[in-house]
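Now for the letters of each chain:
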Amino acid sequence: MPYLSNASTDIREMLKTIGVDSFEDLISNIPQTVRLKGEIPIPQAISELEVRRMMQELAGKNQTGISFLGGGVYDHYIPAVVNELAARPEFYTSYTPYQPEVSQGNLQIMYEFQSMICELTAMDVTNASMYEAGSALAEAVLLALHHTRKRKVLLPATLNPNYRKVVETYLANMEVEIEEIPAQNLTLNLSAIKKQWTDEVAAVVIQHPNYYGFFENMAEISAEKQDKSTLLIQVYDPISLGILQPPAAWGADIAIAEGQSLGNAQNYGGPYLGLFSSSQKLVRKIPGRLSGITHDGNGKRGFVLTLQTREQHIRREKATSNICTNSGLVAARAAFYLATVGKEGIKEIANLCLQKAHYLAAELIQIPGVEMAGPAPFFKEFTIRLPVEARKVISEGLHHKLFAGINLEQSGLKNHLLIAVTEKRSRADLDLFISFMKEVLS
Amino acid sequence: MYQKLIFELSKEGRRGHVLPKIDVPQKSKEQWIPKEFIRTRDADLPQVPENEVVRHYVDLSVLNHHVDKAFYPLGSCTMKYNPKINEQVAADPAFLNLHPRQPESSAQGALQLMYELGEALKAITGFSGITLQPAAGAHGELTGLLLIRKYHDVHHHKKTTILVPDSAHGTNPASAHIAGFQTKSIKSNPEGTVDMDDLKAHLNEDVAGMMLTNPNTLGIFENQIEEIRKLMDSVDALLYMDGANLNALFGLVRPGDMGFDVMHINLHKSFSTPHGGGGPGSGPVAVNDKLKDFLPVPVVDKTDARYYLSYNYPDSIGRVQAFYSNFGILVRAYAYIRMVGREGFRRVAEQAIINANYIKTRLKDHYDLGYTAPSMHEFVLSAEKQKKRGARALDIAKRLLDFGIHPPTIYFPLIVKEALMIEPTESESKEMLDAFCEAMLRIDEEIGKDLEMLHSAPHSTPVGRLDEAAAARNLDINYYKPN
Chain A
1087 MPYLSNASTD IREMLKTIGV DSFEDLISNI PQTVRLKGEI PIPQAISELE VRRMMQELAG
1147 KNQTGISFLG GGVYDHYIPA VVNELAARPE FYTSYTPYQP EVSQGNLQIM YEFQSMICEL
1207 TAMDVTNASM YEAGSALAEA VLLALHHTRK RKVLLPATLN PNYRKVVETY LANMEVEIEE
1267 IPAQNLTLNL SAIKKQWTDE VAAVVIQHPN YYGFFENMAE ISAEKQDKST LLIQVYDPIS
1327 LGILQPPAAW GADIAIAEGQ SLGNAQNYGG PYLGLFSSSQ KLVRKIPGRL SGITHDGNGK
1387 RGFVLTLQTR EQHIRREKAT SNICTNSGLV AARAAFYLAT VGKEGIKEIA NLCLQKAHYL
1447 AAELIQIPGV EMAGPAPFFK EFTIRLPVEA RKVISEGLHH KLFAGINLEQ SGLKNHLLIA
1507 VTEKRSRADL DLFISFMKEV LS
Chain B
19 MYQKLIFELS KEGRRGHVLP KIDVPQKSKE QWIPKEFIRT RDADLPQVPE NEVVRHYVDL
79 SVLNHHVDKA FYPLGSCTMK YNPKINEQVA ADPAFLNLHP RQPESSAQGA LQLMYELGEA
139 LKAITGFSGI TLQPAAGAHG ELTGLLLIRK YHDVHHHKKT TILVPDSAHG TNPASAHIAG
199 FQTKSIKSNP EGTVDMDDLK AHLNEDVAGM MLTNPNTLGI FENQIEEIRK LMDSVDALLY
259 MDGANLNALF GLVRPGDMGF DVMHINLHKS FSTPHGGGGP GSGPVAVNDK LKDFLPVPVV
319 DKTDARYYLS YNYPDSIGRV QAFYSNFGIL VRAYAYIRMV GREGFRRVAE QAIINANYIK
379 TRLKDHYDLG YTAPSMHEFV LSAEKQKKRG ARALDIAKRL LDFGIHPPTI YFPLIVKEAL
439 MIEPTESESK EMLDAFCEAM LRIDEEIGKD LEMLHSAPHS TPVGRLDEAA AARNLDINYY
499 KPN
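Protein chains in written order, with the numbering used here: chain A, 1087 to 1528; chain B, 19 to 501.
Extracted from the complex, chain A is given alone in its bound form:
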């Protein structure tokens, strides 16, 4: 095995220094009754060359193609800069910056990341990352319960169903009532929200653009929030903020997103990046790490982890979150991404998504039997109703190396397909998809 540095002569010498005859003498206090008898039943070691071959074989059993899949995870372009920088061992083989004097690179990147997400969302504060959107949303709801001391949470019917399940799992053992805000035509029913939004509500969660791609009536929701102590939590799409009003404009107290789109691969579900931002008043209650500016004895600027008294290693059972390891390198990639695409790039990417998605939607609804599933505006993702089962279109698409979209049958919507379009889809990709759909639906 290549990962051990000492030869048997070194080991003999070290055992001699320690003052024992054999390794066994070092572990004599482990009772024989709990020892492993025999070997671990896993395959024998193979060489690097064989591992590479095995992995290539596994990778070869996967299929990739032209993708219209979304639902929180998107096939956006990753500039070359991002992969090159993230591959530096100075970044990926470092640990949590507990010794700031030798972690200024990571701490400054965390600070830049926090700042850029704040600027994108117009929120005051962003932490150094959560695992991914679902658990980040659950933590946001926990914060709201803690902050308001109320026991009711409103979750929208238009929330990503996987996020909803994570929130439910986190809240399962608390005396908290979760109520669903119903939807009509795949957007939230405003009169229902008004009725449900009483003084007992700790948090109202709104996903905008919602899971089906459509816009919620944010102006009215925002107005409804005005005189209430409830925390408004908005789930957003970071790329959409190149065009759309940011969460702060709608009065969100907490803004949550899946940050995968910002320079990270889809990677079959992770690692991803939970973006967690809040208003200033919550800064001492938010979970996760924060990098802040300070100085050394000579007055030189430097960065440290700050407000650590919020965190589990200090507060233990009184901590409001148990998060420790986060998504450091994924957040660094998001920082590299945002710094590279910059102020103009994020707007252009958003506009490319918008134009291409609308071109595709307009063409698809020309096909007999296909219609938009809701009347609301959308950004890069939309839901259509099909004259056949979505499953049929999806499995037929696979034969053409097309990933047609997400089947919404699990959300109770028969014959509905959720389609996402990123800047990576060329006109040729879109036209190929359109002719495929014409053919499969004819």
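Be a bit skeptical, because a hint or two may be false.
Examples of chain A residues lying across from chain B (beta carbon under 8 Å, computed) [to be verified]:
no., residue
1, Tyr1178
2, Val1262
3, Ile1264
4, Gln1270
5, Leu1276
6, Phe1422
Worth flagging that the hints you see were computed from the coordinates, not collected in a lab. Model, not experiment: these values are computed from the prediction. Backbone N, C-alpha and C fix where the C-beta goes; we use that ideal spot for every residue, glycine too.
With chain A's structure known, arrange chain B on it following the hints.
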């Protein structure tokens, strides 16, 4: 030292990336989107040319200590070498470009990898069920505790309390709290293991379970584990293992065999995947038959013909994250497991234990040992003696930086005063360990000679000792809105 912020490099009109032209018929965005939704003020992100972006972040990168550069003996963090083959196989586009919602038939390789990794982790830890879903160790703890909660709910046990030793990681009580339990702290005895009298005093029918790190954070094997197991059984409580120190047990003891019901595994510690400056990690949770039915969905399973995601767990606790796992980390861990193989794991543990004991032997006459019991893969020194002479653990840690060595974990575990918690891992050569010992001995000598120099250390790092209190007092965590 490099001092600029990316924002300070920004200049109107510069750009780092060019996008394709729009190749579909275009309309103004107002025609697609009602005006009220359109952003009224641009996000003022940096405007920096690509070349400058690269230089900026390369300049920042070299300010980091990292395991590819030098020793990183952080106790309980297992900073072992991160093999390069792991990175290369995980960068295969046929892994990277998989969408989690694509049909299972088109992700058979990924599912097979997850299944085989799960089988290997079960074999290594001695359990019969596993979820790969948790994204990190603390996330795994929460998952494990939710499983314990569900077990008691299903069996109609009324349980409120989780016992946690006073030497435990801070995440343990925090996770228990989030899972809806109270915690009670159990004292350690003079040998550094669980004080059985204190445990018995806290044991009653309210106890849902106990979280134990074995070997514990002092690096000492909890050799009363069988008795603890019996005590838990006497009140229908379950036993959770914090797997942070699994590296010490490979091939010697399996947690499932010594009586644990559930554990989390830190792939980013024991299985060589990189820490990425604080993440991402991966925290699979392995369980025995008592808890299998409650695992988060989906669970990766297989038939003769195919691998699939099974949702057929009616008593599942639900989901702890939106998708299936930190898959990219799993690929790396699986590469490592196949490289180390059946015979290799025991050698990993042996070398990790020998390395720790070697350092301990060389330092124990100069620094106090918090506890004298035999050490496994890590041990804890106390700088009490040095403190009396004027140098605290913090000063020693900061001075170590001048030797190009990352200091040990300090001031943890809480039960050792002026703690220095040292975990060398199996990766390090005798020469590296000797260099560390010599630095520690030299610092001890410096206390008598130049205390001022120690108090103001480090002296050769990119910045000097930083004022952490000032950072909290004058909070500046957002460039665009400093206080």
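Hint check results:
Annotation: interface hint on A/Tyr1178 holds; nearest CB of chain B at approximately 5 Å, less than 8 Å. A least Cβ separation of about 10 Å between A/Val1262 and chain B goes past the 8 Å threshold, and the interface hint is therefore violated. Using the Cβ-Cβ criterion of 8 Å, the hint placing A/Ile1264 at the interface with chain B is not satisfied: the shortest such distance is roughly 12 Å. Proximity of A/Gln1270 to chain B is violated relative to the hint, the smallest CB-CB distance being about 18 Å (cut-off 8 Å).
Violation of the interface hint for A/Leu1276 is found here, the shortest Cβ-Cβ separation to chain B being roughly 15 Å, above the 8 Å cut-off. Hint status for A/Phe1422 relative to chain B: holds, with the closest Cβ pair at about 6 Å, below 8 Å.
This entry does not satisfy hints 2, 3, 4, 5, going by the numbered hints stated previously.
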